[in-house]
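Novice: Kindly generate the complete structure, drawing on both the sequences and the hints.
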Amino acid sequence: MFSMRPFTSSGRATAKHVRFRPRPCTASVPCLNSSAFSAFDRSTSPGKCSRRTFVAKATEYLPTHADYNESQATCRESVAKICAKFPESYWLDIDNTARWPSEFQEAIAKDGWLGIMMPSEYGGSELGLADATVMMQTIAESGGGYTASSSVHMNIFGLAPVVKYGNEEQKRRFLTPLIEGKERACFAVTEPNTGLDTLRLQSLATRDGDSYVLKGSKIWTSTAQVAEKILILVRTTALEDVKKPSEGLTLFYTDLDRTQVSVTEIKKMGRAAVDTNQLYFDGWRIPAADRIGNEGEGFKMIMHGMNAERILLSGEAVGIGYAALRHASNYARERIVFGRPIGKNQGISHPLAKSWCQLESTRLMIMQAAKMWDEGYASGEYANAVKYLAGENAFTACETAVCSMGGMGYAKECHVERFLREVIIPRLAPVSREMCLNYIAEKVLDQPRSY
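For the sequence shown, position 302 matches number 302 in UniProt numbering, and the numbering has no gaps at all.
Calculated directly from the structure, the hints in this document are not laboratory data. If you're wondering where the values come from, they're calculated on a predicted model, not measured in any experiment. Incorrect hints may have been included.
What the hints assert, rightly or not - Below are the DSSO-like pairs computed for lysine-lysine, each with C-alpha atoms no more than 30 angstroms apart in a straight line: (1) Lys244 <-> Lys443; (2) Lys371 <-> Lys443; (3) Lys164 <-> Lys244; (4) Lys267 <-> Lys412; (5) Lys268 <-> Lys215; (6) Lys371 <-> Lys300; (7) Lys110 <-> Lys371; (8) Lys268 <-> Lys85; (9) Lys300 <-> Lys182; (10) Lys300 <-> Lys243; (11) Lys215 <-> Lys171; (12) Lys164 <-> Lys215; (13) Lys443 <-> Lys164; (14) Lys110 <-> Lys85; (15) Lys171 <-> Lys300.
As the list claims (entries may be wrong) - Computed spacing ranges between beta-carbons, pair by pair: (16) Pro287 <-> Ala411: 50 to 58 angstroms; (17) His304 <-> Ser262: 23 to 31 angstroms; (18) Lys182 <-> Ala66: 32 to 40 angstroms.
Here a beta-carbon is modelled for each residue, glycine too, at the ideal position from N, C-alpha and C.
Specialist: Written as structure tokens, this is what we have:
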């Protein structure tokens, strides 16, 4: 079902090298016994193996999947090797102190992984969304959860509108610093009074010579405390002056000038290290050269990136679910009560097995959705379907893990409570589960619009 290729101590693959498959595990490669070694243990043990199961504790030895092609399998192994340098104790401390994981972001950027989907002429690897989804699932599954993945995923998918609609000068100016990790970006669309009703945005940009002057507010903008850049959607034509609500919206990618923008953090239940904010601006002047594409065509540009975002976040959710399931499975196998492992009780083992079935089937559909996006097919129904399934099934896996571990599931030192707090995110954002179902009912099942 799964095959493993452990890493050797020498060499590493970068994002540009993932097309080359590493030498597979042979009988001479020592095996890490999951019951004898804790996560990130570098020691070896006598015994040999050519296959591993998903319950292996060492993040460096996360399994590959039989459906992965060569680049995806190599991507997973290489990214997992980076993640192995950041044990779950690191992420526990990051969560407790609400400190931005700069060391992790720098490590991911070092080998070019932030440019996995970017064009090669700007320093990227020009791989697809499917490869990027494998990467983001691996990051979340390593134990970093949404804290780890959220610290880099805007760099992965966020500038898809710039790649598709930006001019050559903008691509050279914007993409390379992001790929190299020299700049961080945030994404501002949602407004306090509109929520998911994006077409009713009210923030306005007024042309003034070679500049635009912005007035309005945004909410739920992640990483704005640390970002140097911002991708922002605002109106250049007031809603009452357009024929269709989708008209008059314009996209900008510009400096986040905190002398002109008020950035106020919103304290949250989980993912404390990755900030989420409300922005307010009145008289914020930005260069007209930072406008992406034509004025008034911003809505179609962000829609191009939104399906990719939903697919990527679904992969991250499944990764968190697998991480929680790994902890709970290890615990159920090792916890002795009434003289036997609690995993012998079907009341424990069956919910865990059910969660694995749900996560694996969701993962397969996520890979299909990513493949369709890469090949240029309309993928809206699949992006929404996997977003719904990943949110529900990952939450169930984390809840099951906490309950299976009893009191220890509630203890921070065992990590699964952190996963549970974070895995609520894909049920709510960037689009709610109810809106995913609305889309499928209307677009796939031809039902009348309900909102």
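Novice: For every hint, state whether the structure bears it out.
Specialist: So, going through the hints one by one against the coordinates:
1. Only pairs whose Cα atoms come within 30 angstroms are accepted, and Lys244 paired with Lys443 is accepted, the gap being roughly 20 angstroms.
2. Distance restraint check for Lys371 and Lys443: the Cα-Cα separation of roughly 20 angstroms lies within the 30 angstroms cut-off, and the hinted pair is therefore satisfied.
3. Of the supplied pair hints, the one linking Lys164 and Lys244 holds, its CA atoms being roughly 24 angstroms apart against a limit of 30 angstroms.
4. Restraint check for Lys267 and Lys412: satisfied, since their Cα atoms lie roughly 19 angstroms apart, inside the 30 angstroms limit.
5. Simply put, Lys268 and Lys215 have alpha-carbon atoms about 26 angstroms apart, close enough for the 30 angstroms limit, and the pair holds.
6. The suggested pairing of Lys371 with Lys300 holds, with an alpha-carbon distance near 21 angstroms, which does not exceed 30 angstroms.
7. For the hint linking Lys110 to Lys371, the alpha-carbon distance of about 27 angstroms falls within 30 angstroms, and the restraint holds.
8. Of the pairs offered as hints, the one joining Lys268 and Lys85 holds, with about 27 angstroms between alpha carbons and a cut-off of 30 angstroms not exceeded.
9. Between Lys300 and Lys182, the direct Cα distance comes to roughly 28 angstroms. Compliance with the 30 angstroms bound is thereby established for this hinted pair.
10. The suggested pairing of Lys300 with Lys243 holds, with an alpha-carbon distance near 16 angstroms, which does not exceed 30 angstroms.
11. About 26 angstroms separates the Cα atoms of Lys215 and Lys171, which keeps this hinted pair within 30 angstroms; it holds.
12. For the given pair, Lys164 sits about 27 angstroms from Lys215 by alpha-carbon distance, which is consistent with the 30 angstroms threshold.
13. At roughly 25 angstroms between alpha-carbon atoms, Lys443 and Lys164 fall within 30 angstroms of each other, so this suggested pair holds.
14. Taken as a hint, the Lys110 and Lys85 pair is honoured in the structure, with Cα atoms around 14 angstroms apart against an allowance of 30 angstroms.
15. Of the supplied pair hints, the one linking Lys171 and Lys300 holds, its CA atoms being roughly 19 angstroms apart against a limit of 30 angstroms.
16. The given range of 50 to 58 angstroms is respected by Pro287 and Ala411, whose C-beta atoms sit roughly 51 angstroms from each other.
17. In this structure the supplied range 23 to 31 angstroms holds for His304 paired with Ser262, their Cβ-Cβ distance being about 30 angstroms.
18. Between Lys182 and Ala66 the beta carbons are some 38 angstroms apart, a value that agrees with the proposed interval 32 to 40 angstroms.
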